[in-house]
Structure formats: structure tokens, C-alpha cells
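Trainee: Here's the letter readout for the chains.
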Amino acid sequence: MLEHALILGAYLFSIGIYGLVTSRNMVKALMCLELILNAVNLNLVTFSYFFDSRQVKGDIFSIFVIAIAAAEAAIGLAIVLAIYRNRKSTRIDQFNLSKW
Amino acid sequence: MNRPESIYNLLLAPLTLSLILGGIGVVLLTNIIYSALSLGLVLICISLFYIILNADFVAVAQILIYIGAVNILILFAVMLMNNPKYPNYAPPWTVGDSITSIVCTSLFCSLITIILNISWFGISLTQKSDQMLERDLTNNIQRIGAHLSTDFFLPFELISIILLVALIGAITIARREETV
Chain A
1 MLEHALILGA YLFSIGIYGL VTSRNMVKAL MCLELILNAV NLNLVTFSYF
51 FDSRQVKGDI FSIFVIAIAA AEAAIGLAIV LAIYRNRKST RIDQFNLSKW
Chain B
1 MNRPESIYNL LLAPLTLSLI LGGIGVVLLT NIIYSALSLG LVLICISLFY
51 IILNADFVAV AQILIYIGAV NILILFAVML MNNPKYPNYA PPWTVGDSIT
101 SIVCTSLFCS LITIILNISW FGISLTQKSD QMLERDLTNN IQRIGAHLST
151 DFFLPFELIS IILLVALIGA ITIARREETV
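Protein chains in written order, with our numbering: chain A, 1 to 100; chain B, 1 to 180.
Bound-form chain B, shown alone:
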């Protein structure tokens, strides 16, 4: 696929900035509706990132499932539980917050150090490729479909069972008690 490099490089800087601000917004905003909308911004930016990384199927799946279903579900839950009659008397900053911020900052700094100090393209990955299968596949979706139906067939079926169980379980848990 011919990637228009200049457009993608132009898109990279505002995408990074909105990801950083969105991540801060999810965690630090006190109004939880703003926090849920900021999560939607993060999910959109990640989906655009997937398009830059030539993963178009995952990008569309992200938009459909994460933004279209999970974020809407979170907004539903936020609206259902946002009762101003019971205010939240929590202290805004405790000692545990400081300890967690120190730990998370050190985790982030160690991850940055590791990422910048590894020669990524010196790693040689030898893998046996199925020449017969992959010769005619040019499209990303065709490759994913071929692998899902041959190599990853069992996880595919198990995922469908997991989704069925999750659906039934969520309905059973959240069902209103019927008083007869």
C-alpha cells in the first residue's frame, strides 16, 4: 500500500499532543462526564494512529467496538450513577496519591530508558512463512482473515463463547429485582 508519508507525518504531532492531553484529562478531571468524553478523544486518536500504522481493520474495529460500544456504555453508566443528591466527600489528595505518582513516573522513565536504549532493528526475527498461503494475499484484511481461520481458529471460537457468557452475565447482574 502506498503510504502518503507527508500527510501522516503532518498528522503525527497533533495526534501525539491530543493523546497526551486526553490521557491527562481522563485521570485528572474531576467531573466524570468530561473524563468519559476525554476517553472518547483518546480512543479516536488511537484509531487514527492505527491507520498511520497500516492496520486499517484494527482501526475500524476500534471505532466500532471501543468508541461505538464501550464508550457509550461508560457514558450510560456515568449518567445513571451521577446523582448530585449524594455528594462525594472524598479528600482531594492523599498520601497514597503521591506514592502512586512517584511509582508511575519512575515506571514511565524506566520504560523510556529501555525503549531508547535498545537497537530495535538489530533484532533478527526468523520465522517460517507459509509461502503457499501468503503468496496471493495482498490485503491486510485478507491476511487477518486467513490467519483467523487457520492458525487462530480456536481463540476465535472461544472469543465468541466469552462474549456470549459476558452478555448473559451482564444482563443477569444488572437486572432489576422483581418484587412479586
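The following block holds chain A by itself, in its conformation from the complex:
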């Protein structure tokens, strides 16, 4: 059961990294970032259940990760919306606004 949950977390993490690196749409990259954060949360809660039943510190950490992920998704999507309004395209490899 422990290895089962950890392997699922590892699978979601690697799929998330693949999607984050290869996606050309910005919103898809943000969705894959949410996948990565959920994989980390799954690991934390798994370890909290199997090793730390008295003080559930893994659960508390995963609550903080959920809150941070929500804030970051909001700001990321606001930035994507602002760029889309400016550029009319969501292709991630055509961004040279910050180029120096």
C-alpha cells in the first residue's frame, strides 16, 4: 500500500514534468504544474498516514501546499490573460517580452 501510493505519486510527478516542459499552450503548462503539486501532496499525506499518525505533520504541510498552489494558479492565469490580451496568442515559445 505504501509503495503503491508512492509509485502513483512518482508517476504523476514525471507526467507533470513531461507536460510542463513540452506543452505549447500556457494554460496546459499551468495544469501540469498543478499535477506536480498534487503528486507532492500525495507523497506527503502517504508518509503522514504510515509514519506519523500521532502528529499529522504531513497533512498540515499539504494544506499549506494546497493554499500556495491556489494563489500561484490565480496569479499565473492573470499573467497569461494579460499576455493573451496583448499578443492574441497563447503559444509559449513565442514569448520574447522579457528578452534582453
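Please note: incorrect hints may appear among the correct ones.
Said to hold, decoys possible - Some chain A residues judged to face chain B by a derived CB distance under 7 Å, without partners named:
(1) E3
(2) K28
(3) N43
(4) V45
(5) F47
(6) I79
(7) I83
The set of hints was computed from the structure by calculation and includes no laboratory data.
Every residue, glycine too, gets a C-beta built ideally from N, C-alpha and C.
With chain A's structure known, arrange chain B on it following the hints.
Mentor: Structure of chain B alone, referenced to chain A:
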């Protein structure tokens, strides 16, 4: 808490299958609305996993925050930016995709090897437990509440400030420019 083991073991196999398919669906589906709905399926399955792992508060928080807010926000953004007038002329498969798939597959295989080769229950975790505090706590929520108000008080307050700043920042960035 008395866990009904047989129900949870019966639920484990379809949950794993839908997690695997949902993860593939988020990354590989070309229609981005299907991809966002597949992300919602992944989040629901993870929430059910948390219930199996006796983390009921985190499961409900996941449903409320991730599915109820983040996924809805992503769907909003997808609907706002899904303009068929500007089609996406991207090549479907580049060299970078192959390199990334090799790297991610090797990462996954190395993680599996590490997970299966560690004797997890041979690790002895000695921790000093606060006997006075934890004697009366039977509920998961009570334990989380006790720790949030004593040990993790500062991160709790900082999280509220972060959420306030993120809210103000997102509204400021996404605000429509007013032409006077």
C-alpha cells in the same frame, strides 16, 4: 477510526486506473477543454485517495480549493482564451519532446527502483511527542487544529498574507486597461 478495509481495497484498483488515464489525458489530449476536465478527474481521484489514507480534512480541502476554485479558474481561462480565429500552427512532435520523454521515463524508472528497494518499515522515527497535548485528541481535525495553532502558527499567518497579496496582484494584472 475503524477503516472498512475491504471497501477501500476494492476502490483502490479503479482509482489507480483513473489516475493513470487522467494523467495521460491532461498531458496528451490536444483539445485543451478535455485536458482541463481530465485534470478535474485527477483531482477527484486524489481526493478519494486522501480519504483512503485517513486524511479527511485534506480530502475536503482538496475538493473545495482545488476542484472548486483552481479547476474552475483554469476552465475560465481556457474558455476566455480559446479563440478559433487564431489557430495554433505548432508542429505536433519536435526533437525536444523525444528528449523530454526519455528523461521523464528514466526519472520515473529510477524513482520506482528507489521506492521498491527501500525497507520502509525499518526506518525508526523517534520523535518527542507532547503527551499533555495529544492525550485528548482523537480526531484528525483536532490534531491539525492543535498543531496549526501552536507549532505552525507563523506559517498560518503568513499564508493568509500570501493569499491577500495574490488576490490583489491577480486583480491588478488582469484588469482591463481603462481608456479615458
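Trainee: Each hint should be assessed against the structure and marked as holding or not.
Mentor: Outcome of the hint check:
1. A least Cβ separation of about 5 Å between E3/A and chain B falls short of the 7 Å threshold, and the interface hint therefore holds.
2. The interface hint given for K28/A holds, since its Cβ lies 6 Å from the closest Cβ of chain B, which is under the 7 Å cut-off.
3. Checking N43/A against chain B by beta carbon gives a least distance of about 10 Å; that is not within 7 Å, so the hint is violated.
4. With its C-beta approaching chain B no nearer than about 5 Å, V45/A sits inside the 7 Å limit, and its interface hint holds.
5. About 9 Å separates the beta-carbon of F47/A from the nearest beta-carbon of chain B, more than 7 Å, and the hint is not met.
6. A cut of 7 Å between beta carbons decides the hint on I79/A: the least distance to chain B is about 6 Å, and the hint holds.
7. Interface hint status for I83/A: violated, as the beta-carbon distance to the closest one in chain B is roughly 10 Å, over 7 Å.
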